[in-house]
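Sequence order for the protein chains is X and F. Heads up, the first sequence is in the numbering used here, so the first residue is 1 and it goes up one at a time. Heads up, the second sequence is in the numbering used here, so the first residue is 1 and it goes up one at a time.
Don't read these hints as lab results, they were simulated from the structure. Quick caveat, the model's predicted, so the values are computed rather than measured. Fair warning: there could be bad hints in the mix.
As the list claims (entries may be wrong) - Heads up, simulated BS3-like pairs for lysine-lysine below, C-alpha to C-alpha not over 30 Å straight-line:
{"hint": "1", "chain 1": "F", "residue 1": "LYS332", "chain 2": "X", "residue 2": "LYS382"}
{"hint": "2", "chain 1": "X", "residue 1": "LYS436", "chain 2": "F", "residue 2": "LYS332"}
{"hint": "3", "chain 1": "X", "residue 1": "LYS21", "chain 2": "F", "residue 2": "LYS134"}
{"hint": "4", "chain 1": "F", "residue 1": "LYS268", "chain 2": "X", "residue 2": "LYS256"}
{"hint": "5", "chain 1": "F", "residue 1": "LYS100", "chain 2": "X", "residue 2": "LYS107"}
{"hint": "6", "chain 1": "F", "residue 1": "LYS134", "chain 2": "X", "residue 2": "LYS436"}
{"hint": "7", "chain 1": "F", "residue 1": "LYS201", "chain 2": "X", "residue 2": "LYS408"}
{"hint": "8", "chain 1": "F", "residue 1": "LYS268", "chain 2": "X", "residue 2": "LYS379"}
{"hint": "9", "chain 1": "X", "residue 1": "LYS371", "chain 2": "F", "residue 2": "LYS268"}
{"hint": "10", "chain 1": "X", "residue 1": "LYS371", "chain 2": "F", "residue 2": "LYS100"}
{"hint": "11", "chain 1": "X", "residue 1": "LYS382", "chain 2": "X", "residue 2": "LYS394"}
{"hint": "12", "chain 1": "X", "residue 1": "LYS410", "chain 2": "F", "residue 2": "LYS201"}
{"hint": "13", "chain 1": "X", "residue 1": "LYS436", "chain 2": "X", "residue 2": "LYS410"}
{"hint": "14", "chain 1": "F", "residue 1": "LYS100", "chain 2": "F", "residue 2": "LYS201"}
{"hint": "15", "chain 1": "F", "residue 1": "LYS100", "chain 2": "F", "residue 2": "LYS332"}
Unchecked claim - Covered, in the sense of this in silico footprint (three residues per stretch, anywhere, with C-beta under 8 Å from a C-beta of chain F), are these stretches of chain X:
{"hint": "16", "stretch": "43-53"}
{"hint": "17", "stretch": "103-115"}
{"hint": "18", "stretch": "119-125"}
{"hint": "19", "stretch": "330-342"}
{"hint": "20", "stretch": "372-385"}
{"hint": "21", "stretch": "410-422"}
To be verified - Reference listing, derived: stretches of chain F covered by chain X, where coverage requires no fewer than 3 residues with Cβ under 8 Å from a Cβ of chain X:
{"hint": "22", "stretch": "243-251"}
{"hint": "23", "stretch": "296-302"}
{"hint": "24", "stretch": "325-339"}
Backbone N, C-alpha and C define an ideal beta-carbon position, used for all residues, glycine too.
Single-letter residue listing:
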Amino acid sequence: MAIQLLTPRIYRNMKWSITPKDMFDTVSMSPITNLYETESSVLATEEITSVTINGHTYNLANIGSDLSAFNNLNPTYIRNVYNQSVFQGLRTWAKGRTDILMYSGSKLFTFERPISSSLSATIAVSGVSSLVTKNSKNFEELPALEDLKNINYSAADWIETNKNSSSDVLTREYDETVCSNPWATNIPDKQVWTEWSPNGPISSYQGASKESWSEEQNYPLSGEQVEIWGNQNQTGVYSPIKITNDFISLKVQVTKLDDYNVRVAYAVPIRFSYIAASQYLTWRSFIGIVTTTQHELESYAFLDRITKITIQLNGLALDTTGNDISYSLNEAGTGLTEQTINKRIYRVEKNELFTLNTYYRNDTAQKWSNKFALEFLQKYQKGKYLLNLDVPAKWAIENKIHCNSQLKIKLQDNTYIERKGSHCVFEVKTIEKSFKNNEFTFSLGLLEV
Amino acid sequence: MRVQVQIDYQLNIGTIPLPGALPAQCNVSHGEFLTNTKAFKGYKGFHFAANSDQKTIKADGSYKFYPDSGYQGFVAKSFTDANGNCDLTVDLQFTGEAPKQLFFQFDSVDNTYPLKMTLTIASSSLRKIVDVNKPTVMVDVSELTLVANDSISIAFSKWNKANYTAKIVSMSVNYTGIYNLQNLIDVRCSENAFDAQLNIKPGIVEQYADVSIYDRDQLIHQFAQAELLKENQQVTILSIDDENNTSEILGKYRVDEWQVEATSSIVKINCTDPSSTFENIYIPSAPVRTRTVDNLLSFLFGYIQNYTFTYIDSATQTACENIKIPSSWCLKGNVLEVLRKICEVGQLRIYWFINVFIVARCY
C-alpha cells in the first residue's frame, strides 16, 4: 500500500504504520484548595536556649553563673565604699541593688508555603530562681541563715507563659503589694522595664540600679539622701521583695517580610538579680571623719534566670489539600459528570500551581478543570490514530515539515484515512532526522488532530 | 542534499583583527585581479595556477569554484614561486588576554597549505617554527609567554604547491569545526514535541543528537589531548542543498558526551539540549498573586539567562494567557521542577528547537 501526502510534492512507497492510541473517557485530577484556613494555628515554634551578646554566645542555663560577663555583678563581693561624714553611734547600714539584664533579639521564620498576613506570636519563658550567698559559689544552695527565715522564697524551677499578642507590648506591672511596702523601694524604676525595644539589635541591657543606705535612727546622711530600708533589728538586712515572675516583662513584635518570611523580634529580661548586703556596725570608725574604708558585708542575692525562651508563631495556614475530582462525559457527550465511567483515565498530577479556583478567561465561574476535562474528553473519547512514517529529508525540508505541521494521508486507492466520514488530519509531533550512507531521512511521528 | 555538522569549540579567549594588508573577503581568479572575476551561474572561479609570468590563466584543470558571495579568507597578492616560496607575512595584534592556541585553516578543498610557519612574538622576540602537513593546524602558543595586547608576526614562507595562490581560509582563536560528507559517518538528531511513543503527557521533551565523525586530520584528537573538549560545546547540524545553494539548520545542540578513543579515528558525540542545565538553576518561591500560565512562564524564564520561549501557535498563547490561577505561588526549587508543574497546569509540552524553547499543548 502506498500513501500520498497532500503537499506540493507527493511521495509514494514510504514506510508507514498506523495504530489506534489514547482512548480516554475520564479525567482525574486533584487541584488544591489554595485558600487560607479560617482558624489560626501554630505555624512554627522556636526554642531559644542561648543568646549572643557582644559577639559571645551564652547558654541561658549558665548565664547566672557567668556573672563576670555582666559588669561583675557578683553579690558575694559587694563592698561598701563610704566616704561621707556621719554621726556617731551604732549603725546598721546596708547596701542593695537590683539589676536587670535585658536581651533583645530576632528570629527569622522561613516557610515553604505562603503565609497570610494574620499573624501573631506568643512568647513563653521558663527559668529558675536561685539564691546566692556570700562566699558561696553554689547558686542553688539555700543558706542556713536565720536572717533569711522570713523571706518568702523557694529555689525552684518555674515555668511561666507570658503571652503577648502581635505587636502589642505587654508590660507586666509591679506587684503593688510588694511595691507599696516602704522597704521595697530598692527596685529599678518602672522605666527600666519599659524603655527597651524589641526592634533594636541583639544586645544586652544593663538596667539601672539603686543603692540605699540605712541608718538606725533616721539620721540623714550628709551625702546622698536615699530611702532607708531594711530590718534594723537583725544583723542581716533584707528586702521583702520576692522577685517573682510578675516582674518579667516580655515584648514580641511580628513583621511579615514577604509571603514566605516573618521576622519575630523579642525582648526578654533574661536575668533579674536582687542583691542586698548589710553590716551591723559598732561604734567605731565613722566618728566625724571622712573614710574610704571598705567593709565587706554580709550579702546575698536572689537570681531569677530565664533558661529557655519559646516563640510560637500563629497564623492562618494555607490549605493545600488536594480535591480529588473525576470528570467523564455525559451520555450526550456535551457536558461532564463527576464520576468515573471506567478505567481509561487520564490523570493530571497534583501540584501547588493547579488550584480548585483556577479559572479560564475572566469568568471566575468557568473553572479551568471543567473546561480542560470537557475539551480533552471530547477530543479523546474515541482515541487517536498514531502514524509513523519515513520521508526523504529533501521533501520534508522543502515542505517545511516541523512539529505541528498538519498532513492528510491519501491512500493508494485514492481514499483517505478517515474518521466519521471526514479525512483525518495528522499533526507532526516527533521528527528524527538521520543521515547515514548518503541516505538522508526524516522519520515522522504524527498524531491525529 | 547533504548534512553538515559544525562544532563550536568555544575557545574564544581573544580576538584577531583582520590583517590590514590582506583583504578579508575577495572575489578573485587571480591574485592581481581581486575584483574582476565575473560570476557565472551564481559561481565565481578561483584559479590556483598560473603561467610562468603569473598573470595569465593556465587551463590546467585547477580552476576552483566558490559561491558568488565571495571567497571567505585571505589571499596572497602574489603566487608562490617555482619552489613554493611566497612572501606572505601576517601580523596578528591581540586585544586583551593573549590566546593559548591559534587555529589556521588553509584550503582543504585544494589541499594547499604552507609547509612551514614561523611565529615571532613582539614582546619577547621568541620564535617558534611549526612544520605543517595538512590544511588545518592548531598551534599551541602557550609556551611563548604572550602578554596582554601582545602581537605575533607569522611568516608563511614555504608552501606545498608551486605557482599557486597562497590562501588562508581563517585564522582564529575560536575554532569552529566544520564536518561534511568526507568526515561524517552517521548523524541523527531530533525535533520532538512529544516522546517517542507520542504519549499525551505534559512536560519537557529533551532533544538529542548523535554524531559520528571520522577525524581525518586528527584535530579532535589533538583537542582531546589538550583537554579542550568540553561539555556544552555547541553543535549545529545543517542540511546543505548544493543544487540551490541553500542551507537550513536542522538543530542546535550541546555536547553531552565526547567519545574519543586514541586507537580509533572515529569520534562519537552525544548531544542534548540546554534544558539539561535547568536542574542547576535555582529559583526562590514566588510571591502570592493572581497569575496566568503565561505569567508563570515569563516568571520562570526570567531566571534562565540566554534562553527564551515562544509559543508554537497563537491558540496556545491565548490558552496560556487565559488560564488564571488566583493566589498562585510555587515552592522554591530548580527551574526544571517548576517548569514541569507549569506544564501540568497548562497541559503543555516544552521542547527546544534551534535557539528557543517552544511551548505547545500536549493534547
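Results of checking the hints against the structure:
1. F/LYS332 - X/LYS382: violated (40 Å)
2. X/LYS436 - F/LYS332: With Cα atoms ~45 Å apart, X/LYS436 and F/LYS332 exceed 30 Å; violated.
3. X/LYS21 - F/LYS134: The hint is violated at about 55 Å.
4. F/LYS268 - X/LYS256: Not OK: F/LYS268 and X/LYS256 at ~55 Å, beyond 30 Å, violated.
5. F/LYS100 - X/LYS107: violated (52 Å)
6. F/LYS134 - X/LYS436: holds (27 Å)
7. F/LYS201 - X/LYS408: Holds, at roughly 24 Å.
8. F/LYS268 - X/LYS379: violated (43 Å)
9. X/LYS371 - F/LYS268: Status violated; Cα separation ~48 Å.
10. X/LYS371 - F/LYS100: violated (61 Å)
11. X/LYS382 - X/LYS394: violated (35 Å)
12. X/LYS410 - F/LYS201: Given that 30 Å is the threshold and the Cα spacing comes to 29 Å, the pair holds.
13. X/LYS436 - X/LYS410: holds (29 Å)
14. F/LYS100 - F/LYS201: violated (48 Å)
15. F/LYS100 - F/LYS332: Cα-Cα ~42 Å, so violated.
16. 43-53: Result for this restraint: violated, n = 0.
17. 103-115: holds (count 3)
18. 119-125: violated (count 0)
19. 330-342: Contact hint for the stretch 330-342 of chain X vs chain F: violated, 0 residues under 8 Å.
20. 372-385: With 5 residues in contact (Cβ-Cβ under 8 Å with chain F), the coverage given for the stretch 372-385 of chain X holds.
21. 410-422: violated (count 0)
22. 243-251: As far as the stretch 243-251 of chain F goes, the hint holds, because 3 residues have Cβ atoms under 8 Å from chain X.
23. 296-302: Coverage by chain X is violated for the stretch 296-302 of chain F (1 residues, Cβ < 8 Å).
24. 325-339: holds (count 8)
In this structure, the hints that do not hold are numbers 1, 2, 3, 4, 5, 8, 9, 10, 11, 14, 15, 16, 18, 19, 21 and 23, in rising order.
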